[in-house]
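Peer 1: Chains as they are written, first to last, in the working numbering: chain V, 1 to 247; chain L, 1 to 247; chain F, 1 to 247; chain W, 1 to 247; chain Z, 1 to 247; chain H, 1 to 247.
Hints may contain errors.
Identical copies look the same in the list; a pair holds intra-copy or inter-copy alike.
Below, a list of computed lysine-lysine pairs in the DSSO-like style, where the Cα atoms sit at most 30 Å apart [claimed, not checked]:
hint : residue 1 : residue 2
1    : 234       : 148
2    : 227       : 239
3    : 7         : 22
4    : 147       : 82
5    : 22        : 228
6    : 7         : 227
7    : 234       : 22
8    : 56        : 80
9    : 234       : 151
10   : 151       : 80
11   : 106       : 7
12   : 106       : 228
13   : 7         : 82
Since the hints were derived computationally from the structure, they do not count as laboratory data.
For clarity, every value in this text was computed on a predicted model and none was experimentally measured.
Number of protein chains: 6
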Amino acid sequence: MRNNERKIDELRPITIDTAYTKHPEGSVLISIGETKVICNASIEDRVPPFMRGQGKGWITAEYSMLPRATEQRNIRESSKGKVTGRTMEIQRLIGRSLRAVVDLDKIGERTVWIDCDVIQADGGTRTTSITGAFVALVLALGTLIDKKAIKDMPITDYLAATSVGVLPDGTEILDLQYEEDSQAHVDMNVVMTGNGQFVEIQGTGEEATFSHAQLQKMLGLADQGMKKLFEAQKEALGKWGSLIGEK
Amino acid sequence: MRNNERKIDELRPITIDTAYTKHPEGSVLISIGETKVICNASIEDRVPPFMRGQGKGWITAEYSMLPRATEQRNIRESSKGKVTGRTMEIQRLIGRSLRAVVDLDKIGERTVWIDCDVIQADGGTRTTSITGAFVALVLALGTLIDKKAIKDMPITDYLAATSVGVLPDGTEILDLQYEEDSQAHVDMNVVMTGNGQFVEIQGTGEEATFSHAQLQKMLGLADQGMKKLFEAQKEALGKWGSLIGEK
Amino acid sequence: MRNNERKIDELRPITIDTAYTKHPEGSVLISIGETKVICNASIEDRVPPFMRGQGKGWITAEYSMLPRATEQRNIRESSKGKVTGRTMEIQRLIGRSLRAVVDLDKIGERTVWIDCDVIQADGGTRTTSITGAFVALVLALGTLIDKKAIKDMPITDYLAATSVGVLPDGTEILDLQYEEDSQAHVDMNVVMTGNGQFVEIQGTGEEATFSHAQLQKMLGLADQGMKKLFEAQKEALGKWGSLIGEK
Amino acid sequence: MRNNERKIDELRPITIDTAYTKHPEGSVLISIGETKVICNASIEDRVPPFMRGQGKGWITAEYSMLPRATEQRNIRESSKGKVTGRTMEIQRLIGRSLRAVVDLDKIGERTVWIDCDVIQADGGTRTTSITGAFVALVLALGTLIDKKAIKDMPITDYLAATSVGVLPDGTEILDLQYEEDSQAHVDMNVVMTGNGQFVEIQGTGEEATFSHAQLQKMLGLADQGMKKLFEAQKEALGKWGSLIGEK
Amino acid sequence: MRNNERKIDELRPITIDTAYTKHPEGSVLISIGETKVICNASIEDRVPPFMRGQGKGWITAEYSMLPRATEQRNIRESSKGKVTGRTMEIQRLIGRSLRAVVDLDKIGERTVWIDCDVIQADGGTRTTSITGAFVALVLALGTLIDKKAIKDMPITDYLAATSVGVLPDGTEILDLQYEEDSQAHVDMNVVMTGNGQFVEIQGTGEEATFSHAQLQKMLGLADQGMKKLFEAQKEALGKWGSLIGEK
Amino acid sequence: MRNNERKIDELRPITIDTAYTKHPEGSVLISIGETKVICNASIEDRVPPFMRGQGKGWITAEYSMLPRATEQRNIRESSKGKVTGRTMEIQRLIGRSLRAVVDLDKIGERTVWIDCDVIQADGGTRTTSITGAFVALVLALGTLIDKKAIKDMPITDYLAATSVGVLPDGTEILDLQYEEDSQAHVDMNVVMTGNGQFVEIQGTGEEATFSHAQLQKMLGLADQGMKKLFEAQKEALGKWGSLIGEK
């Protein structure tokens with residue numbers, strides 16, 4: 001039995017608050033257990049230089065943690081004067097994942113900036129960010145529909161992410177808390193769509209390795225967790241949720 | 001009459017939530033009107049090099065805004081690779097203000113890091129940060145008393161901040177919202193202690209000037225606003241509030 | 001009695017040399033006591049991006065100290081790879097102060113760069129910089145009149161700055177030397193115009209506070225010091241001085 | 001049929017030259033098709049601060065491309081003044097992968113620096129780097145055995161990496177060249193050990209997704225490719241190869 | 001007698017491989033003794049901003065060493081976040097030297113980027129870079145002739161570089177290896193053209209000085225070494241070599 | 001005839017003011033024609049890490065120009081966040097040159113920081129810096145003798161620098177002004193000692209070359225110019241000058 005009587009294939013409680021702050025086109029506070037992330041989506045009416053003139057849009061993401069989101073205070077990246085490798089990896093992952101379910105042609109020459117700011121961390125900040133960012137993105141695109149700037153919701157399917165791993169005793173588990181994550185021999189992040197396709201799989205042995213059988217077991221757990229995440233997203237999205245995947 | 005039927009000498013509504021996130025020794029979410037700032041205080045058991053060996057503590061502050069805390073999205077300072085002049089000015093102001101009411105000798109060789117992260121901005125983010133940071137600081141020092149690491153609360157008085165200004169029509173007003181702030185000819189931040197002493201006065205004519213009489217009028221408004229701020233702090237602080245200023 | 005038999009309400013000797021170096025449109029060496037600053041004003045025939053197309057000009061300032069302007073050698077900011085918070089605060093203050101007495105519409109789309117380089121520091125480098133920079137600015141604008149690029153002197157009033165403070169024994173003093181400054185409990189910089197209006201007031205308790213009465217006393221001293229500063233500026237400016245504030 | 005009559009489950013030709021440059025403890029030039037990487041391993045007799053005093057060693061990797069390793073010249077990261085996110089991701093991957101097969105306790109307090117410098121790029125530079133770096137690492141550790149600084153080869157198993165992907169027509173292929181890589185809908189890097197365990201799986205849909213069946217097919221291709229890579233490593237390693245995985 | 005029975009006026013063996021990597025317009029691996037440098041020349045169809053609109057071309061150079069090109073591993077400049085003074089000096093020298101024999105008007109508005117990457121260092125890396133870069137440059141310009149983008153070879157003469165120095169015992173020597181270089185009291189780099197003109201002389205006493213007579217002796221040695229370098233270049237250049245200096 | 005009726009072998013007027021600012025151990029304002037440089041020497045009682053424990057001292061130099069030392073205003077290197085290649089080259093040259101005439105063993109574990117800040121530039125700023133820095137250095141070392149921290153003046157000979165060049169018409173000239181410098185085909189900086197030895201020769205053809213005969217002629221002019229420079233230094237140094245080169 002895990003912390004809080006959680007079962008090995010059980011997600012932590014999920015809450016998704018929308019309209020969390022007033023300025024962004026889409027603003028979400030997502031909590032998965034004790035991990036809390038503000039996901040804001042901002043629409044800018046132009047695209048980066050490498051995209052100009054193609055009539056297509058772009059989605060890009062940034063990720064950060066408040067210095068004391070964690071047990072120990074971290075130095076701000078702005079004070080260090082540079083973004084760490086871990087942050088870059090995460091923000092590239094978030095952006096790439098979201099783009100897999102967006103029809104960029106339908107957005108027009110606009111950029112959606114996704115800002116994921118972790119205010120409290122307890123494991124799974126990158127997967128929680130993706131799950132929350134998806135909701136913020138849909139809400140922001142909804143404002144474009146409301147303003148009649150675009151006609152259809154340019155989202156082809158739901159998208160969420162979760163983590164799975166292998167504990168030192170060999171047990172495969174779903175949705176790792178910080179403490180579990182720091183002990184796990186294998187840590188895998190899985191990003192999937194509503195119809196069960198993979199968008200991204202990143203499995204890593206931490207000074208350890210894993211077998212084909214363990215991989216399958218972990219993928220099964222991830223698949224199972226996704227259902228709850230999509231439900232929570234659907235509920236948070238209200239009317240916009242039903243437009244997803246429409247032709 | 002101002003927005004929301006506010007009078008010229010009236011503060012916006014104040015709320016101060018404590019224990020806002022779980023990791024910091026002191027964690028506060030302060031809202032003054034629509035301006036919302038997370039103020040976290042973290043205790044580190046050592047001081048910066050220039051303070052070592054003096055048996056004294058240190059208080060330092062950092063300030064940041066979420067990219068979309070504002071109407072227009074701002075580029076992250078970590079992406080720019082440097083902290084702007086405005087941010088530096090504000091974090092120096094917060095740290096200096098707090099140190100004016102702390103007996104650093106009583107803290108021992110510890111640093112209290114104050115992190116003010118603005119999640120929604122509507123004018124007065126620096127004064128709101130100071131007012132909230134004071135509460136987070138006292139709470140963090142309270143944990144040292146609880147752990148018997150120090151004996152007395154090393155805070156000599158309450159401390160809060162507010163803004164005052166002069167509108168284009170010459171009216172002096174208290175607690176400027178963003179819209180008022182961007183029009184004002186004069187903008188002044190005042191930091192004061194519970195017994196009515198000044199800690200910091202920063203009055204600036206924005207391509208304008210102000211007279212001695214206007215200065216006096218603004219200082220009077222500030223003085224008036226302080227009372228409400230100290231009340232809100234006292235309520236948020238509970239038992240720790242009564243230890244402030246004790247010998 | 002202070003150093004050099006100076007009275008508490010007495011400025012140090014002021015000298016302002018013009019045409020100090022040959023390239024800048026306005027070039028001044030100002031000494032207030034042992035504090036010496038080269039203030040150069042350079043005119044550039046365009047404005048920064050955020051000002052373009054408005055037909056208005058811009059004034060911006062930079063501030064630096066030679067590494068050995070001080071008792072201890074300081075590391076160059078170019079070697080550190082960044083400008084410190086203190087420097088940014090000062091250069092923002094200088095630019096903002098000057099803009100308060102300039103009619104930017106009359107300059108046309110030009111930028112005046114003000115460079116204040118402290119070659120010897122003994123307290124009051126920022127206020128000395130403002131006082132000297134004003135002279136360099138007027139001289140530089142004079143070259144535009146000489147070249148018939150503009151018709152009138154676009155300066156609405158004289159502008160100077162000084163420091164006042166409170167010593168540990170409670171005495172309020174005018175124009176602090178380095179040694180006094182490092183002991184003072186309160187340090188206040190005041191920027192004023194020729195007709196006695198305030199442009200900027202920055203009063204700071206250094207781990208201390210100050211009362212309303214002390215504030216008034218300090219403002220009185222500042223007011224008194226301004227007269228001498230305006231005289232010295234007038235003398236240095238020669239014919240250009242008489243055009244200031246003309247309609 | 002692919003370029004050069006290559007089959008979909010066929011690796012490009014592999015060559016591994018050892019002792020490529022004279023200074024490093026291990027120096028390898030690896031070519032997989034037209035992708036050429038210099039992999040140097042350098043031994044330093046101390047570990048980074050966070051590892052000190054544990055009696056263990058550390059393996060860290062850096063990755064770079066010559067500016068003209070690619071079709072278009074890239075700006076040097078030293079000129080940009082920062083390492084890109086892509087480079088950071090790759091160097092973290094290389095280091096993490098190698099550490100999975102090293103018994104760090106047996107190295108003593110030493111760091112092995114792995115430098116992978118791509119001199120010619122044609123797809124698969126990160127997997128080629130891992131495969132070559134493994135050889136350089138073993139050779140460098142061999143010098144420690146030769147100098148009797150350590151007793152046993154602290155490598156628990158062979159380690160290599162390859163890429164697999166899905167072409168737009170749905171075909172799964174092994175070992176993508178640059179041209180294939182830039183068209184592929186799915187791109188997956190797989191790092192495996194000699195006994196068939198996974199160390200790292202990174203599968204990414206590029207604005208696309210992939211099914212469970214496609215994942216299995218790709219993993220099968222990767223598994224197949226590994227055999228050739230281990231053979232080439234074994235041949236390059238000579239006597240040192242036979243010590244791998246010994247107790 | 002020097003290392004490898006070399007005489008004091010004898011160059012180390014020279015080899016120049018062309019078409020070393022496939023992407024650059026000119027790609028050379030030059031070895032002088034154990035010093036090995038990859039010199040790549042890349043043609044870009046535009047010039048830097050300060051050259052635009054003049055109908056002329058530009059040549060610029062960058063220089064770097066692999067971290068383990070040397071006996072001790074060096075930290076990458078990309079990790080440091082800045083290019084060192086030594087590197088800047090060298091790349092400025094390479095670019096300036098090459099430009100002395102190029103008729104920039106004949107290149108059209110194109111930039112030739114010269115990248116010199118030292119893969120193994122044993123003294124004389126900057127002079128070896130210049131000698132190799134000249135070959136890469138001519139080959140790259142040759143591709144422009146082949147594509148009929150330009151008519152004539154815009155190179156006015158051969159160009160090579162070598163080092164000379166004075167050992168502690170007073171002997172003047174040609175082409176210093178690393179060990180000799182680190183002992184030498186005087187170190188001089190000489191860049192010359194095929195017809196015996198100087199392009200650059202940089203002679204430095206390392207905490208030492210040198211006489212007029214020593215200078216003459218060193219220049220004589222340099223002159224002698226040049227002949228072999230020009231021969232090696234001519235051989236490497238094949239048909240393109242004969243176009244050099246043609247009207 | 002040159003500007004101001006100067007002959008081709010004639011230096012511009014030299015003035016060297018000592019004790020120019022009050023804080024540095026040695027402080028000099030040197031003017032050669034219209035080029036004016038403040039050269040300050042600061043003594044620090046420790047050496048950089050790479051020199052520790054050898055009982056020897058170190059001399060290091062920094063160089064900068066006020067933004068408007070030149071006809072066009074330059075951006076500050078602190079604003080750019082990095083030191084340019086030109087600056088690095090110059091400060092390395094100044095430090096290296098001075099060290100050639102200092103007996104570092106006699107200084108003890110001290111660093112002398114030389115700061116050369118150009119306040120007005122009209123050609124020859126680097127050679128003027130060296131000539132002035134030498135005087136500042138001797139004065140600073142003199143304070144060590146005065147304080148009995150060292151016994152003898154650790155300077156083995158006088159040291160000065162000048163520039164020579166070749167004009168487009170082929171004339172060799174001494175001590176180039178800015179206008180001459182920007183036209184010259186060849187530009188050479190020569191650093192020499194009081195007894196006529198070379199410390200540094202840096203001759204550069206600017207998109208041009210020079211013959212052996214021209215080199216000799218330029219060296220002759222440099223030699224001639226040195227005499228005047230040494231006289232001016234001797235006069236400025238007073239009593240300290242006579243201790244130079246004593247055993």
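Peer 1: Check the structure against each numbered hint from earlier and tell me which ones fail, lowest number first.
Peer 2: 4, 10, 11, 13
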